[in-house]
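Chemist: Here is how the chains run, residue by residue.
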Amino acid sequence: MIDLIDIEKVYQTGKKSSFIALRGINLKVEKGEIFGVIGRSGAGKSTLLRSVNLLERPTGGTVIVGGDKLTELTEKALQEKRKRIGMIFQHFNLLTTATVRENIAFPLRIAKLGGSRIKPRVDELLELVGLTAYQHHYPKQLSGGQKQRVGIARALANDPEVLLCDEATSALDPQTTDSILSLLKEINRRMGITILLITHEMGVIRAVCDRVAVMDHGRIVESGTVLDVFLSPRDSVTREFVSEVSDAFGSEAIDAYRAQGRMVRIHFRGGQTYEPVLYETVRRTDATFAILQGTVSKMKDVPYGQLIVELRGSDGEVDRIIEELGQQGLEVSRL
Amino acid sequence: MTNGIVKMAGAAPFSFFSDIQWNDIFKASNETLYMLAFSLLFTVILGLLLGIVLFLFSEGQLLQNRALYGLLSVIVNVLRSVPFVILMILIMPFTKTIVGTSIGVKGAIPPLVVAAAPFFARLVETSLREVDKGVVEAATAMGASKGMIVLHVLLREARTGLIAAITITAVTLVSYTAMSGVIGGGGLGDLALRFGYQRFRLDVMIVTVALLLILVQILQTAGDMLVKAFSRR
Ligand SMILES: Nc1ncnc2c1ncn2[C@@H]1O[C@H](COP(=O)(O)OP(=O)(O)OP(=O)(O)O)[C@@H](O)[C@H]1O
Ligand SMILES: [Mg+2]
Chain A
-3 MIDLIDIEKV YQTGKKSSFI ALRGINLKVE KGEIFGVIGR SGAGKSTLLR SVNLLERPTG
57 GTVIVGGDKL TELTEKALQE KRKRIGMIFQ HFNLLTTATV RENIAFPLRI AKLGGSRIKP
117 RVDELLELVG LTAYQHHYPK QLSGGQKQRV GIARALANDP EVLLCDEATS ALDPQTTDSI
177 LSLLKEINRR MGITILLITH EMGVIRAVCD RVAVMDHGRI VESGTVLDVF LSPRDSVTRE
237 FVSEVSDAFG SEAIDAYRAQ GRMVRIHFRG GQTYEPVLYE TVRRTDATFA ILQGTVSKMK
297 DVPYGQLIVE LRGSDGEVDR IIEELGQQGL EVSRL
Chain B
70 MTNGIVKMAG AAPFSFFSDI QWNDIFKASN ETLYMLAFSL LFTVILGLLL GIVLFLFSEG
130 QLLQNRALYG LLSVIVNVLR SVPFVILMIL IMPFTKTIVG TSIGVKGAIP PLVVAAAPFF
190 ARLVETSLRE VDKGVVEAAT AMGASKGMIV LHVLLREART GLIAAITITA VTLVSYTAMS
250 GVIGGGGLGD LALRFGYQRF RLDVMIVTVA LLLILVQILQ TAGDMLVKAF SRR
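Residue numbers (the numbering used here), protein chains in the order written: chain A, -3 to 331; chain B, 70 to 302.
These aren't lab readings, by the way, just hints derived from the structure by calculation.
Keep in mind that the hints are not guaranteed to be accurate.
Said to hold, decoys possible - Chain B stretches covered by chain A per the calculated footprint, using a threshold of three residues with CB under 8 Å from any CB of chain A:
1) 197 to 204
2) 208 to 216
3) 223 to 230
Claimed, not checked - With a straight-line Cα cutoff of 25 Å, these simulated SDA-like cross-link-like pairs (lysine to any residue) come out:
4) A:Lys79 / B:Lys96
5) B:Lys96 / B:Lys165
6) A:Lys65 / B:Glu206
7) A:Lys136 / B:Glu199
8) A:Lys77 / B:Gly203
9) A:Lys72 / B:Leu118
10) B:Lys215 / A:Ile60
11) A:Lys72 / B:Glu128
12) A:Lys77 / A:Asp(-1)
Even glycine gets a Cβ: it sits at the ideal position worked out from N, Cα and C.
Isolated chain A (complex conformation) (with noise of 0.2 Å):
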């Protein structure tokens, strides 16, 4: 749905200074997903989703939409594309002197639909974000969550295929960070709309998306699955974001413990987190296990688990137990 090809974008900040704030990004975002990108402040981050709808137009490379070349375009076939592009703000951009209502209208109204047939569309936006009650208010009136919602509304005004959201929830509280995400996610699900959304935030990734590209200095420095990227992180400023989310696996504690035995994490998927899988494995041997860690959490809606322990008994034993738990479709690395 979104096909972005060796994207450059070169910022001239002097006479003779320039900035390479995007370097040879590839990304790939299917229909129908969700995909997020991470990275530190200054990654280039916004800049990358602001060149998909060519807010920012790349100096280098091809931004391809629906199919559709924008990078090809004329300014006026840009403008029809971009109606089909709905896009969020960190900061809601609102338009302070026009109700929820009017806000909500106002992409229609460009879109040039007529009177009769705005109104029952903005009806059902206010219905979708559950702001109906406050259809007469301005954006002043309203909570952060509130404006948020508002822009949602807006953004999904004309139908778009695709969603960018730039920070959407940063500027929210946590209960409101989830809300607003919960929403994104039933949009996503409900509508089909593809979504690509830009975070600082670990949190925002591994509760909606489907997918994750890891960003640092302009280029994307891992990209997978979130779970495969939450749970092997390889590039050291994905560790550093895995470890931030709470439930992430410190070592603390095992740092300091001398095994008797042979040390390895096991990584479950799916439902397998719920079966007892390393159990019947290891009764069928004269083995035994501790476990020294373990955490059960979901990665949006997939479970998982990670339990780190420590195997005892004969070499022969421990390295059979190892092969059956991989033929079972585990993830053991000895540690």
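Starting from the structure of chain A, add chain B with the ligands where the hints point.
Modeler: Okay, now just chain B with the ligands, sitting in the frame of chain A:
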């Protein structure tokens, strides 16, 4: 007897104004209002256009163009730095070609507009600069054209600033209309000059000044009320 004294005492303050030809005052007031209305109308139209263009050409805006911005900026600054009385005399030939005369109420209007429009344009530029760039960006992302953004975002979001700018310009125009009396422009300023100054008629002077003061008060109060009514921040 007693009655007479009371009457004398009561009439005394008014007798000072008893020689005033109220017809003249009425006519002059009308002329002032006429000059104000038309010059304000044309000033707002021209100044708004000029202000929008200035803003759009400026750094980081939709039609960013350093050369054109510089040129317009210089023209505006020149017009603003010439004192009104001198400007009026300087552009007399121009005035004559467009309204057929360079004196009287009609002849006063072109110089009033030429003097006030650049001033108003700067105020418009400043008001538009106050509009949150994020909102303009959101409209761009929605596929709005530049024209739509000016009309539906910039002018709309800047409306209280624009109303305040019109108020300031109207008040400035009142004092300019008074000055236009110098070349026989008519109106209250003309009256004050001919009677009050040249014939030492303090009474006429006081009345005209009072009327101008009331006019300014009305304009300012109306402007403030409108700003309040339209404010949504
Ligand atoms: N107009 C500009 N001119 C020059 N440099 C710019 C411009 N816009 C952005 N940059 C630079 O590009 C880099 C990336 O900026 P960007 O806004 O994409 O970062 P980000 O990852 O979104 O960060 P944040 O989390 O702080 O929003 C930054 O170092 C920034 O200074
Ligand atoms: Mg950013």
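Chemist: Does the segment 208 to 216 of chain B contain three or more residues whose Cβ lies closer than 8 Å to a Cβ of chain A?
Modeler: holds (count 7)
Chemist: Are there at least three residues in the segment 197 to 204 of chain B whose beta carbon sits under 8 Å from a beta carbon of chain A?
Modeler: It holds: at least three residues are needed, and the segment 197 to 204 of chain B offers 3 whose Cβ sits within less than 8 Å of chain A.
Chemist: Measure nothing beyond the straight line between the CA atoms of Lys77 of chain A and Gly203 of chain B; if it is 25 Å or shorter, mark the hint as holding.
Modeler: holds, 20 Å
Chemist: Mind checking the alpha carbons of Lys72 of chain A and Leu118 of chain B for me, to see if they're no more than 25 Å apart?
Modeler: holds, 24 Å
Chemist: Holds or violated: Lys215 of chain B with Ile60 of chain A, Cα cutoff 25 Å?
Modeler: holds, 24 Å
Chemist: Does Lys96 of chain B sit within 25 Å of Lys79 of chain A, going by the straight-line distance between their CA atoms?
Modeler: violated, 58 Å
Chemist: Okay, the segment 223 to 230 of chain B and chain A, do three or more residues pass the C-beta test at under 8 Å?
Modeler: holds (count 3)
Chemist: Going straight from one Cα to the other, do Lys96 of chain B and Lys165 of chain B come out at no more than 25 Å?
Modeler: Judged against 25 Å, a Cα distance of about 24 Å means the pair holds.
Chemist: Are the Cα positions of Lys77 of chain A and Asp(-1) of chain A separated by 25 Å at most?
Modeler: holds, 15 Å
Chemist: Lys72 of chain A and Glu128 of chain B were given as a pair; does the straight-line alpha-carbon distance stay at or below 25 Å?
Modeler: Satisfied, since the Cα-Cα distance of roughly 23 Å is no more than 25 Å.
Chemist: Check whether the Cα positions of Lys136 of chain A and Glu199 of chain B lie no farther apart than 25 Å.
Modeler: Holds, at about 17 Å.
Chemist: Taking 25 Å as the top limit, are the C-alpha atoms of Lys65 of chain A and Glu206 of chain B close enough?
Modeler: holds, 21 Å
Of the numbered hints stated above, the single one contradicted by the structure is hint 4.
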